[in-house]
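Heads up, the sequence shown is in this note's numbering, so the first residue is 22 and it goes up one at a time.
Errors might be hidden in some of the hints.
To be verified - Calculated lysine-lysine pairs in the DSBU-like style (CA-CA distance at most 35 angstroms, straight line):
no.	residue 1	residue 2
1	K260	K322
2	K259	K233
3	K238	K228
Simulated from the structure, these hints should not be mistaken for laboratory data. Keep in mind the model is a prediction, meaning the values are calculated, not measured.
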Amino acid sequence: MFRIRGGIRYLSTTTTLNPTSIRFHRPDNHHKSLILLTTPSQLNQIVTKLSESTQPKVESLLVASVDSITGSRNAFTELWLETPFKIKELELVEGMEKRLSKKYNPLSADPIKMQGRNWKDTTEETILGLSIPQWNVTFHTRLANTIFTNSQQSTCFIANGGELDYLNLSQVRIDIDTDQEHGSGNITYHNRLTEIPMVCGIEDTYKITDFKGNLIKSINHKSASGYLTENPKVMDSKKDLFFKLYSEGDNVDSWMEEYYRLVVGGLGWGEKQAFIALDTVVGEPGLRNVRLFYHDEQKPKFQLQSPDNKDSMVFECTELEEGYQDFTKDNDEKVLPRVFGVGSNHGFNLNGVWHRSNGETVVL
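Hey, can you work out the whole structure from these sequences and the hints?
Below is the structure:
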């Protein structure tokens, strides 16, 4: 695409679903930096391709493996920049304080060695953070578990000056510079939550009246867990439940609304059986109003529309896997120009708000 430059810094995005081979989509030689995300299914192929001497070198490169990209668990996505991204923070995977030798490269496509591996999933402790100050956007999520791909719990590394550096990072935050404008009115939001009444319609508002940490003790001065145990629609369902937390007079966009998973209600015997525990990412819920929702599998999954003359970023809480997937069958390769995607089983945080219900999606 031809553009009059005039000193403006542009970004360029492309996503490839079900790739049959790895082909990068560098728009021109002005784009010198690349943020490259891949699902575990394509990770080894990506690393092999980057290692080829025929690949054009870039000034700055970030490679990370995530759970999904625009709803697919078999894809990679590219974000090309004209200027190097700025590294705000990084942390090595524990035990990786020294640079890895070429003789032992855990990010290569070598057969994985499972003996002696730590099977504890540590991806909740990882961070992949991207900020675009010009758009007032700050985003972070978790990395994918890649232990069955390359024997590493997660995979993320940076290259500067064109040389690949296989120091595996558990946390990285970067800033992206662009002069392209982006209006908040263009943001699309989707979730698969359906509201259910707290009780059989007696009161209009339900407010947290006592809490400790992420534990809600009382709502409208009544036992919090009673709103679950005495609710037939809740007791007859095995769906994941969520509280929407809000304050009177809130005027926020839908993508900034706060939904938190109910981890457990009625915590055994004694005093705690009256409590409801929320997802720990809530911190403290505060004395706010609540509305009850459940994850509704009957609601349609998000369908990405072709972007209209702008580069789009798709952030998603990955849908749950439905059995074994053979990515080599019945899926044609599809290239999505002007799209960059990132998804995690653990959800994502956008401008300070967590989105942790499967299928929840924000498109910038």
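Checked hints:
The hinted pair formed by K260 and K322 meets the criterion: a straight-line CA distance of about 16 angstroms does not exceed 35 angstroms. Of the supplied pair hints, the one linking K259 and K233 holds, its CA atoms being roughly 26 angstroms apart against a limit of 35 angstroms. At roughly 11 angstroms between alpha-carbon atoms, K238 and K228 fall within 35 angstroms of each other, so this suggested pair holds.
Checked against the numbered hints given earlier, the structure satisfies every one of them.
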